[in-house]
Structures are given as C-alpha cells and as structure tokens.
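Q: Count along the sequence shown from 1, then add 383; that gives the number in this note's numbering.
Careful, some of the hints might be misleading.
[Said to hold, decoys possible] Mimicking DMTMM-like on lysine to aspartate or glutamate, the simulated pairs with C-alpha atoms at most 20 Å apart in a straight line are:
no., residue 1, residue 2
1, K639, E604
2, K817, E741
3, K632, D656
These are calculated hints, taken from the structure and not from any lab test.
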Amino acid sequence: MAELRERLARATPGDRLPPVRHWVSELHVSPVTVSRALARLREEGLVDPRPGAGTFVARRPSRRRVDHAWQSLVLGSVPDGGDALHELVAEPAAGRLPLSSGYPDPTLQPTSELAKVATRVMRHERAWTRAPLEGLPDLRAWFARGIGPELDADDVLIVPGGQAGIATTLAALTRPGQPLLVESPTYLGAISAARALGLQLVPVPTDEHGLRVDLLAEAFESSGARVLYVQPTFANPTGASLSTERRAKVLALARKHGAFVVEDDYARDLAYDGRPPPCLASEDDGHVVHLRSLTKSTTPSVRVAALAARGPVMVRLRSRRVVEDFFVSRALQEIALELVTARAFERHLARLREGLAERMELLLAAVATQLPDVRAVHVPRGGFSVLLEVPMEDRVAVRLAAEVGVTTSPGRHWFPAEPPGSFVRLAVAAAPTKVLEEGVRRLAKAWRT
C-alpha cells in the first residue's frame, strides 16, 4: 500500500498504472494483496479503474478557493526557528542520500529486540492503562542510576523525547524576553525552541574543548542570564566535548551566578570507546537540569526521554509538563523499560557505537582525500555529526549538494548569531558506509564546479 501511494504521489492525474502482475513481481506480494490495495485506493478516490483499459491515477477534484487573508492579521509576523528544524527532521525525499539526519538507519536500530519486547508488552492489559504523570517508577529509577547515586526516581520526569524535554525545560525556567546562554554553535532544536519562546539568545563561543569558560563568565556578567543550555558531551553539530576542567568551571559559574544549567546529554550512549565523561548532573548540588533521550540510541519512534533535577525546579517542570500533554503513553514506556533493562541492549549499544565510529572515520577520510579545501572543525570521538568549514557560502554549498541528490544542513542554522565562517553540517547516523562514500563523491563533484 505504501509503495502504491508513493507512486501515486509522483504520478500525474490520468497516468495509467502498471498491471497487477507488475506489482506482484516488484513488491513480492500476492495478486490478492495488490487487488485489495487497489480497491482501497479506489474507495479513497485516488485511482480510477476502467474495465478493459486498466487502472489510472484519478483526477483530483479542484479545491474550492477560500479567502484566508484574515489569518495573516491574526497570526502576525513569522516566529523564528521552526522552518529550519522542520527541514532537518523531515524524512528525506526518495532517492536522496541522507547526510543530515541524526536518526539511526534500520541497520543500527534494535528492531528485532524491539519487536520481541513490544509483543510481550502488548499482551498485558496494563500497557493500555494510564501512566503515572511523572512516568513509570522503574523507568525513572533506571534513568536516575545512569546519572549517579545522588538521584533517585523521585528526581526524574519522563517526557516524550529530547526535543519535548528542551521545550518544557526552557518554558519552565524562563520568560519571554529573558536571556538564555547557549554554545555557539549549538543544537538547532534548542535554538528553535528558545526563539519560539521569545528568548534572547546569548552566544558563547566554543573550541575543540567545548564551551569557552572564560567567555562564559563574561556572558553571565554582561547579560544577567540565569539559564545556560549546553551539550557537554559530543555536542551537535561539532562533536566536541567539554573538558573535565571546564566542566568543573561551568558548575562553579552556575553556583556563583545562581543559574540553572540545562544539560542536554543526548549522546550518553554514543561514545565510540564506550566511556563517556561523567555528566554534569553527577557532580551537581541543584543547579543542573539533566536531559537524556533514548531516541538517538534506539529508533526515531521510541520517543522517550527523562528530565532529572533536584529541588523546587522539579515541581515547576512537572507543572509545565502536565499542561502540555498529561503523560507519556504507558505502552511506550513499558516497551522502553523492557528494552533498556534487557541484556541484549548493551550488545546493541556496542554495535551502534562501532557502526557510528566506522562511519565517522570513513566520512572524515573521504572528505580529507576528495575535498582538500574542506576542513572538519573538530574530529568527534562520539555522536553522529561533524561541522565542515567550506570555501563557499553555506547556502550555496547546500544547494549544490541538493542538486546532486545529497541532503546536508547549512551551518548558519546551528549558530545563534552570525557564524564566524561558512560551514556545512553532516551526519552519519542515517547513512551506511556505501551511502557515505557515494555522498562524498557527489559533494566533491558538486563543490568543485
């Protein structure tokens, strides 16, 4: 059915579809299955069967023109942030090489184990009952153990994915117009969430050791900000990690200025050597709101993440969360809990890390040999993204890449202010090695013209 719908979406009304035997051969399904799918599409008005002539793409009825001008007055000016994020997260068009997605492709996903876990979970009636507002206690306890002995299940709130966790936290800790300190560059999703909330982004430059703490101190002083958003471990897009010394200084500055640190620990499972540095929250005394998601280490549809914090801030986070969507699906939480507590999960993570490391090494080697004028800002030791400095405007580079069928992301989207150069972000999660090789080959051809 999906393949037929995709063909219809690309076809022109009036086009004749191939006969049933063609779909049987191409899709490896029975004639009955194809006939049922075509009947369903006919009921939906998408195909037009003509006896003796074949099946044709139905002509779509013309839509009644409606005056929507009034909506422009109500909506006002366009808020910043959403379009770039939508472009990043959207599924690549058919035939394009996905060198921008952070979601692992099926070969890196624990699909077999997930199928087994889901089957077991769905047998129990409790999977369909309401979940506690804060999340399943055992799942919250699992997330707490991953941070350190100082936290327990009561300090954890389950949320529907990392992006939701960022949006919830920023909304709970800030008010429109207030400053928010962020790394420069930083995660596009955080930039988008902050702009949607009307926050004033204050960029703090980074280097190969992560956030520049000397400039962070100055930013706290000059802006009066009380919240810092940071990805201290394998930051997206650069892949850089905050050094041990700088981690301690970030916490010291937060204490000095009475500020919260939003620690986005999205890549905790993605250290190539399996030994990520300790999270900031493990050394914290109440200044850190820790966020960890399972999406990047499992599949895009396991939208389960956790916020961890101590003190009144957790009450504020819970209050914000319940206003937005009450609770995360119990069935999804049960599946996530069984998955992460199974012995097979560690084996999956080992394969995932090995696969990402292999892909990143191949990508960087291919760039070095085929694109000598392009430089990686940092060589990642974990995560899935890398930022390349390119010898042309980033929008031109992205357009040229698209013309040869390669999806990339312009560097300017990852900077909260004007970037200090021209950059393009690439990611290896969704692209197997052969796709990466072909992608770089096409980029070399496109960027040399």
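Q: Which numbered hints does this structure break?
A: 3
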